[in-house]
Amino acid sequence: MNYPVWFVPTFGGGLLIALVAIIHVFVSHFAVGGGLYLVMAERKAIKEQSQAIMAFVKKHTKFFMLLTMVFGGLTGVAIWFVISLIHPAATSLLIHTFVFGWAAEWVFFLVEIVALFVYFYTFGKMDDRTHQTVGWIYFGAAWMSLFLINGIIDFMLTPGSWISNSDFWSGFFNPTFWPSLFFRSFMSFMLAGCYGFLTATFLEDEATRHRMIRYSGTWALVSLILSLPAGWWYLSVLPSPAAKLVSGASPTIKRAVMTGGFSLAVLAGVLIALILLNPKARVRCLIVAVMLSAMGYMGAFEWTREAARRPYVINQVMYSNGILKKDLERINQEGFLKNAKWVQNKEVTETNQLEAGRELFLHQCFACHSLSGFNNDIVSRTKNMSFGAMRKYLTTIHEKRYFMPPFVGTDSELKALAAYLTGGLHKKPLTDDAGATGDRGKVLYEENCAACHSSDSIKPKLKGWDLAKVRASLDKLPALNPAMPDYTAPAAVKDAMAGYLFGLNNPVAAAPAKAKGATLFDDNCAACHSMDQIKPKMNGWSRDKIRAALDKLSALNPAMPDYTGTAAEKDAMADYMADQVGGAK
Amino acid sequence: MNPATLIPIADTLTAPNGWFQFFLMLTFPLHLFAMNAMLGAGLVAFISHLYPGRAYRELSHELAKALPFLVAFTVNLGVAPLLFVNVIYGHLLYSSTVLMGLYWLAVIPLLIIAYYLAYIYDFSFKQLGNLAMFVLLAVLVLLLTVGFIFSNNMSMMISPVSWSRWFTTPGGTLLNLADPTLLPRYLHIITGSLAVGGLFSALYASTLLKSDPEVSEAGKKLGMQLFSWLTLLQFGVGTWFLLTLPQKTMSRFMGGSPVATLLLVVGVLLAVATLITGFKRLVLPTVCLTLPLVYVMSFMRDVVRGNFLAPYFNPSTVPVQVQWSPLIFFLVTLMLGLVLVVWMLSKLQIFKKVS
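Residue numbers (the working numbering), protein chains in the order written: chain A, 2 to 586; chain B, -15 to 339.
Because the hints were derived from the structure by calculation, they are not lab data.
Treat each hint with caution, since some may be false.
[Unchecked claim] Dumping the calculated DSSO-like pairs for lysine-lysine here, alpha-carbon to alpha-carbon at most 27 angstroms:
1) A:Lys546 / A:Lys495
2) B:Lys49 / A:Lys59
3) A:Lys63 / B:Lys331
4) A:Lys460 / A:Lys393
5) A:Lys401 / A:Lys470
6) A:Lys126 / B:Lys110
7) A:Lys245 / A:Lys126
8) B:Lys331 / A:Lys60
9) A:Lys347 / A:Lys326
10) B:Lys49 / A:Lys126
11) A:Lys326 / A:Lys339
12) B:Lys110 / A:Lys59
13) A:Lys495 / A:Lys393
14) A:Lys477 / A:Lys401
15) A:Lys126 / A:Lys45
16) A:Lys327 / A:Lys347
17) A:Lys126 / A:Lys63
18) A:Lys245 / A:Lys59
19) B:Lys232 / B:Lys110
20) A:Lys477 / A:Lys464
21) B:Lys205 / A:Lys126
22) B:Lys110 / A:Lys60
23) B:Lys205 / B:Lys49
24) A:Lys347 / A:Lys428
25) A:Lys571 / A:Lys536
26) A:Lys126 / B:Lys194
27) A:Lys59 / B:Lys331
28) A:Lys460 / A:Lys428
29) A:Lys48 / B:Lys110
30) B:Lys194 / B:Lys205
31) A:Lys45 / B:Lys110
32) A:Lys495 / A:Lys245
33) A:Lys63 / B:Lys205
34) A:Lys63 / B:Lys110
35) B:Lys331 / B:Lys49
36) B:Lys49 / A:Lys60
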């Protein structure tokens, strides 16, 4: 709200950050581990007095320099550019809090550049000892970059006691600092082994090729194995909301973790097979597979870390939309629009409701939700909800789904946002009690469930269930799927919802048959006459008379076609129409 | 709409503002030196392609070798001042960055392409033949485009009056083209950069390429000519820039503010002096005069920024919560880093002497 929003409707910002970050992560970790790999491989060449290995190291250094210095360096700057565009408030907070951490990182970046240039351009022109020292300086500087960035990144997940004391070192050496540092270091060594694998396959000399492939494979495997306890340590120190998110409360995180575990297994298997089988033929495509799974492992870790701090961009400090947690109460009192800098509607009025709602969407939701786009599309996610249901949903959005920030603002602002999300995006009616007049079970479903899954998507899953089973399941939703929160309504309310859900697959027997009847009427009759038009004609008709009439429509009026549906459908329609006319059964 | 209402609230500083100003004014000229050398070396190499003869061809080749280093150091030395600008003016910079988000992000792919092309130009110089000059031309065009994008952001950041355009165009596609100072500002810095870059090429040729007198002489001549003529041109461009500045800002350089006026006077005197030494092709004296000149120009630029922002933002009003230990940590790291860099470069010198 302090900053303008870069509004590209179809391309949510989160996706862009993820893209740039994942690319950078692979290269930057390689830049660290690869430094160690180079000096160690060079030492091996010196020790074994192997010209072939030395030539390989030099060639690998060139590849390393072109990849890490150009692509790695600039994608690092790219992350800075992207986050300042998508999360300016968070970027500003991180820059201001850790400015001298960043500045020190810049010094190490400078040392890295000089060291790498010197290392590459003096191959074979400098005495071994000095050349090795330059290599060690490179690795030391690169690892220190990781050390510094690691502190700042983990601060975003676990700010620790910084929240109360604002102290640089408290924020830097935060609860996840050490496990993450170990994990990332091993990751970087693993990636170095993987890249070494790849370049080794280009070696012409067969014996050297096999030696270097085995050497790189050992690197990758040992680092991978060491990364496992570090990863476990990392997960074990996560604070409870984050740990809960990781263990399954958010569907996307669960998917990411599963992908991670799966790729890890594939990677380990392929690596071991490679080393044990002592490759004779070219194994490049196998190695590409290894690299992809290694990147999957790493990518899953990064994605999990990013997602585990939701709904915050800086855990417990700032929500993903840039609103500070400590400002919540005040803004709820004073109003969001009044406090926001980049809005035109400073308050909600009768005439500007939709426009104010759009501005609220832009500043509170767009950070994570695209508009008909690739990333968490808001249009498809709101299409099942009525205005009334949306209003109710927004009031408890953070409680129902922890990883969504709470709505921040006054009641009239909340109403404006709901109006935009339903009336604005879907042209739904904005009557205050919309939904409340319809089937109670359906309204309950919209308010509590439809944000995640439509009734159409849930219908097949309930096929064959009897009413008692549906009702019982409502008492233990998390057991069905850990991503679902408990439904804490009174028993009578659950009964109504169960009736509606059961009715999805059993339209006749269901209690809310009238809703079904209304739908049938809309589908089959309303094209020619509305309910209001035929009401007077059925004045005083009983339910049975209406039911009988549905069997002989063409006799009532030759212009009307006979209704060809089932008897059950006719029953439902008769119930509905009798209800509308006010006739007795 | 009152532009002041759009300006975000600045975050708390962790050291007195003066420290950040000091680091900014210290590191920004370093970025300028590297950037100027990069652009100038590129231009001199390009012009050399147009001249016949072995010496000019070799000169292009030698400058080609330097280009990737210069790109790397331009990027690295750009990070530090951009960081300190983020600290002092972050709330303004992020706002203008969002307005031109698409162009701002384009900087990265443009730089990556330019950087790789610079490597191709270096590593494949001989194989490329006549194609080499077109590769180099592409590098120059890309880098000049990046410079234009930076000029847009740096000028839009200090003119909140143009920000309300976001309400109708929020897609990050705004530039600052309507600002009358944009074009002279950009041309001023590019002319200066190419001139200083010419001087760098002359210095490079007359020191590191000394072993081949013919090449060395060609580089020195071309570099100094470029420096001198562009500096002469700069008097015109600089005056144009001065005249497009708002009356209030301009008058500060014309006696309104003693500091600003002094900076302008010293700047002009230094520039005149470099013209004399430049046309006489005295490389070292020109370098010695140009180093302070670039610092003076940076200070003038800061005065202009301060004046533009005066109605909207006063850095001294930003809350400060001092923590000394991180600052000390940075200074120690900087010292250590410089020691390591110097040590590594000294080993390079030894190698040179040995060979």
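Results for each hint:
About 35 angstroms separates the Cα atoms of Lys546 (chain A) and Lys495 (chain A), which puts this hinted pair outside 27 angstroms; it is violated. Simply put, Lys49 (chain B) and Lys59 (chain A) have alpha-carbon atoms about 18 angstroms apart, close enough for the 27 angstroms limit, and the pair holds. For the hint pairing Lys63 (chain A) with Lys331 (chain B), the CA-to-CA distance comes to about 21 angstroms; that is within 27 angstroms, so the pair holds. For a cut-off of 27 angstroms, the pair hint linking Lys460 (chain A) to Lys393 (chain A) stands: about 24 angstroms separates their Cα positions.
With a C-alpha separation of about 23 angstroms, the suggested pair Lys401 (chain A) and Lys470 (chain A) falls inside the 27 angstroms cut-off, and the hint holds. Proposed proximity of Lys126 (chain A) and Lys110 (chain B) is supported: the alpha carbons are some 23 angstroms apart, at most 27 angstroms. A C-alpha spacing of about 56 angstroms is found between Lys245 (chain A) and Lys126 (chain A), which places the hinted pair above 27 angstroms, so the restraint is violated. Proposed proximity of Lys331 (chain B) and Lys60 (chain A) is supported: the alpha carbons are some 22 angstroms apart, at most 27 angstroms.
Using a Cα cut-off of 27 angstroms, the hinted pair Lys347 (chain A) and Lys326 (chain A) holds, with the two alpha carbons roughly 21 angstroms apart. Distance check on the hinted pair: Lys49 (chain B) and Lys126 (chain A) sit about 18 angstroms apart at the alpha-carbon level, within 27 angstroms; holds. A C-alpha spacing of about 17 angstroms is found between Lys326 (chain A) and Lys339 (chain A), which places the hinted pair at or below 27 angstroms, so the restraint holds. For the suggested pair Lys110 (chain B) and Lys59 (chain A), the alpha carbons sit about 21 angstroms apart, so the restraint of at most 27 angstroms is met.
Distance hint between Lys495 (chain A) and Lys393 (chain A) is fulfilled; the C-alpha atoms sit about 17 angstroms from each other, no more than 27 angstroms. Taking the CA atoms of Lys477 (chain A) and Lys401 (chain A), the gap is near 15 angstroms; set against the 27 angstroms cutoff, the hint holds. Using a Cα cut-off of 27 angstroms, the hinted pair Lys126 (chain A) and Lys45 (chain A) holds, with the two alpha carbons roughly 18 angstroms apart. Distance hint between Lys327 (chain A) and Lys347 (chain A) is fulfilled; the C-alpha atoms sit about 22 angstroms from each other, no more than 27 angstroms.
Distance hint between Lys126 (chain A) and Lys63 (chain A) is fulfilled; the C-alpha atoms sit about 16 angstroms from each other, no more than 27 angstroms. Only pairs whose Cα atoms come within 27 angstroms are accepted, and Lys245 (chain A) paired with Lys59 (chain A) is rejected, the gap being roughly 47 angstroms. Straight-line distance between C-alpha atoms of Lys232 (chain B) and Lys110 (chain B) comes to about 55 angstroms, which puts the hinted pair past the 27 angstroms bound. For the proposed pair Lys477 (chain A) and Lys464 (chain A), the alpha carbon gap of about 18 angstroms is at most 27 angstroms, so the pair holds.
The hinted pair formed by Lys205 (chain B) and Lys126 (chain A) fails the criterion: a straight-line CA distance of about 32 angstroms is larger than 27 angstroms. For a cut-off of 27 angstroms, the pair hint linking Lys110 (chain B) to Lys60 (chain A) stands: about 20 angstroms separates their Cα positions. Taken as a hint, the Lys205 (chain B) and Lys49 (chain B) pair is honoured in the structure, with Cα atoms around 20 angstroms apart against an allowance of 27 angstroms. The hinted pair formed by Lys347 (chain A) and Lys428 (chain A) meets the criterion: a straight-line CA distance of about 24 angstroms does not exceed 27 angstroms.
Proposed proximity of Lys571 (chain A) and Lys536 (chain A) is supported: the alpha carbons are some 17 angstroms apart, at most 27 angstroms. Between Lys126 (chain A) and Lys194 (chain B), the direct Cα distance comes to roughly 21 angstroms. Compliance with the 27 angstroms bound is thereby established for this hinted pair. With a C-alpha separation of about 19 angstroms, the suggested pairing of Lys59 (chain A) with Lys331 (chain B) holds against the 27 angstroms cut-off. Our distance criterion of 27 angstroms between C-alpha atoms is met by Lys460 (chain A) and Lys428 (chain A), whose separation comes to about 25 angstroms.
The suggested pairing of Lys48 (chain A) with Lys110 (chain B) is violated, with an alpha-carbon distance near 36 angstroms, which exceeds 27 angstroms. For the hint pairing Lys194 (chain B) with Lys205 (chain B), the CA-to-CA distance comes to about 13 angstroms; that is within 27 angstroms, so the pair holds. A hinted pair counts as satisfied when its Cα atoms are at most 27 angstroms apart, and Lys45 (chain A) with Lys110 (chain B) does not qualify at roughly 34 angstroms. Simply put, Lys495 (chain A) and Lys245 (chain A) have alpha-carbon atoms about 26 angstroms apart, close enough for the 27 angstroms limit, and the pair holds.
The straight-line distance between the Cα atoms of Lys63 (chain A) and Lys205 (chain B) is roughly 34 angstroms, outside the 27 angstroms bound, and the hint therefore fails. With a CA separation close to 19 angstroms, the supplied pair Lys63 (chain A) and Lys110 (chain B) stays within the 27 angstroms bound. Taking the CA atoms of Lys331 (chain B) and Lys49 (chain B), the gap is near 20 angstroms; set against the 27 angstroms cutoff, the hint holds. A hinted pair counts as satisfied when its Cα atoms are at most 27 angstroms apart, and Lys49 (chain B) with Lys60 (chain A) qualifies at roughly 18 angstroms.
Violated hints, listed in ascending order, are 1, 7, 18, 19, 21, 29, 31, 33; each of the other numbered hints is respected by the structure.
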